[in-house]
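Novice: All residue numbers in the sequence shown are consecutive under full-length UniProt numbering, ending with 149.
Calculated from the structure, these hints are not laboratory results. Hints are all accurate, no fakes.
Taking lysine-lysine and the DSS-like style, the derived pairs with C-alpha atoms no more than 30 Å apart in a straight line are: (1) Lys68 <-> Lys52; (2) Lys56 <-> Lys76; (3) Lys76 <-> Lys52; (4) Lys68 <-> Lys28; (5) Lys76 <-> Lys15; (6) Lys15 <-> Lys68; (7) Lys12 <-> Lys68; (8) Lys15 <-> Lys56; (9) Lys12 <-> Lys52; (10) Lys12 <-> Lys76; (11) Lys56 <-> Lys12; (12) Lys52 <-> Lys28; (13) Lys15 <-> Lys52; (14) Lys95 <-> Lys107; (15) Lys76 <-> Lys97; (16) Lys68 <-> Lys56; (17) Lys28 <-> Lys12; (18) Lys15 <-> Lys28; (19) Lys107 <-> Lys97; (20) Lys56 <-> Lys28; (21) Lys28 <-> Lys76.
In this text, all values refer to a predicted model and were calculated from it rather than measured experimentally.
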Amino acid sequence: MEYGSMSEQEIKELKLVFEVLDRNRDGKISVSEIQTMMDELGYDVSEDDCAKFVEKVHHSAEGSISEKEFLAWMAKYREKSSDSVLMDAFQAFDKDKNGYISRDELKQGLELMGEHITDEMLDSMIEEADADHDGRINYEEFVHVMNSS
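Can you make the complete structure from the sequences, with help from the hints?
Specialist: Below, the structure is given as structure tokens:
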């Protein structure tokens with residue numbers, strides 16, 4: 001089964017996590033198993049919150065999550081998390097908040113990160129990223145470059 005862009009190793013590790021959570025070895029994670037794990041990790045989470053989580057992942061009030069559902073949810077969560085990181089990075093470069101990274105914003109951002117690049121390197125970076133050739137980088141172009149590197 002395909003789980004987004006997760007590698008075989010990530011899937012294998014998450015299957016091990018599932019096995020640890022599935023204390024009674026019935027092939028499903030129950031609300032009480034989730035709550036026990038959260039308690040052991042030091043999180044004060046109510047049974048109601050755990051039940052809402054299970055319902056959200058399972059899309060019913062059955063009260064448990066299969067390994068397949070767990071992996072699908074983790075793949076979806078991972079993608080959302082990755083999108084959030086990319087948006088944060090884009091916004092860090094987009095100083096004037098106009099939805100574009102200009103040449104100057106890119107240069108300033110890279111210098112703040114300790115990257116000292118020549119004007120030629122900067123021009124090359126913009127040329128590679130700027131698919132619509134408007135001299136600046138929009139979010140979609142930024143994501144494309146980040147995902148292909």
